[in-house]
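Working from the sequences, and respecting the hints, build out all of it.
First to last, the sequence lines map onto chains A and B.
The opening residue of the first sequence carries number 1 in the working numbering; numbering runs sequentially from there.
The opening residue of the second sequence carries number 1 in the working numbering; numbering runs sequentially from there.
Source of the hints: derived by calculation from the structure; they are not laboratory data.
Even for Gly, the Cβ is constructed at its ideal location relative to N, Cα and C.
Where hints are given, some of them may not hold.
[To be verified] Incomplete in silico selection of chain B near chain A, CB under 10 Å:
#, residue
1, Gly-4
2, Phe-12
3, Ala-13
4, Ala-20
5, Tyr-81
6, Val-83
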Amino acid sequence: MTASPIELIPTADDRRIARYAAAAIALSVVEAAIPMPLPGVKPGLANIITLIVLARYGWRDAVWVTLLRVVAGSLLLGQFLAPGFFLSLSGALASLVALGLAMHLPARWFGPVSQSLAAAFAHIAGQLLVARLWLVPHDGLLYLLPFFALAALLFGLANGLAAAKLLEEIASTAALPGEATNDRT
Amino acid sequence: MKPGDWGMFLLFAAGTAALAPVAFSGGVAEKAVVRRDGVVVAELPLTQKRRIEVAGALGTSVIEVQPGRARVAADPGPRQYCVRQGWLTRPNAIAICAPSHLSLSIAGRSADHDSLAY
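Written out as structure tokens, the structure is:
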């Protein structure tokens, strides 16, 4: 047996991104099983992972994890290249742009909750834009906007709080031996 | 939650609350359209009270509009079908006064679809 001429050596970055993407994909598969009153409304639990990656490793990694989650998650759920896939993709891209902007808010006053809310609203905006322009080219779609906004508000808050809590725990376990970083306000 | 997070939350909550009326204006009747021989003679927004007189084939008919509804209040036609139909409230509802060659219909925001299914 000959050795493959192409050998891909995953870097530490690749492994880390793959690990977080796997967690995000698992969450999106899990939440697909949760029944929702309105089609298209989802808690977006995978965004907790995006927020954690954003806070710890920066925007580039967050983009990787999110896009891998959208593609692989849709493959697992049989949604790949279906309308739902393009809706998640457009929402994900819009929320990544929002996160790229929101991460520059002064960290003293703004935490993951702000980022999560910004991302959630960007998500519905991106999604509705694509849906309006392409899938349902009718203004009737915009009557759903208040319901999507309410969902974004609640789930954006919940995911942001979850991410903030997890980041706090990660920080406290990382700083266990020294407990020098006691900068909680 | 940091102070800015609260601010952000309140901002988005206010935005969401501002959108709420959109949810309950969906598909409501928006204007009354009066036609004679298929030609539009009057369009009345269903937001304020009005009473107009329209000249029909037999004489003068009276169209009455109140917020959210409209009716033919009087018509010289012999059988009074359009008058007895009463108030029209739903989009695409129509009252036809055939002897007078008049019709009164309610136009919603979209006249081209009766409903949408996803």
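Hint check:
About 3 Å separates the beta-carbon of Gly-4 of chain B from the nearest beta-carbon of chain A, less than 10 Å, and the hint is met. Annotation: interface hint on Phe-12 of chain B holds; nearest CB of chain A at approximately 5 Å, less than 10 Å. For the restraint placing Ala-13 of chain B at the interface with chain A, the shortest Cβ-Cβ distance is roughly 6 Å, inside the 10 Å limit, so the hint holds. Because the closest C-beta pair between Ala-20 of chain B and chain A is about 5 Å apart, less than 10 Å, the hint holds.
At a threshold of 10 Å, the smallest CB-CB gap from Tyr-81 of chain B to chain A is about 32 Å, leaving the interface hint violated. A distance limit of 10 Å between C-beta atoms decides the matter here; for Val-83 of chain B the minimum to chain A is near 33 Å, and the interface restraint is violated.
Hint compliance for this structure: hints 5 and 6 are not met, and every other hint is.
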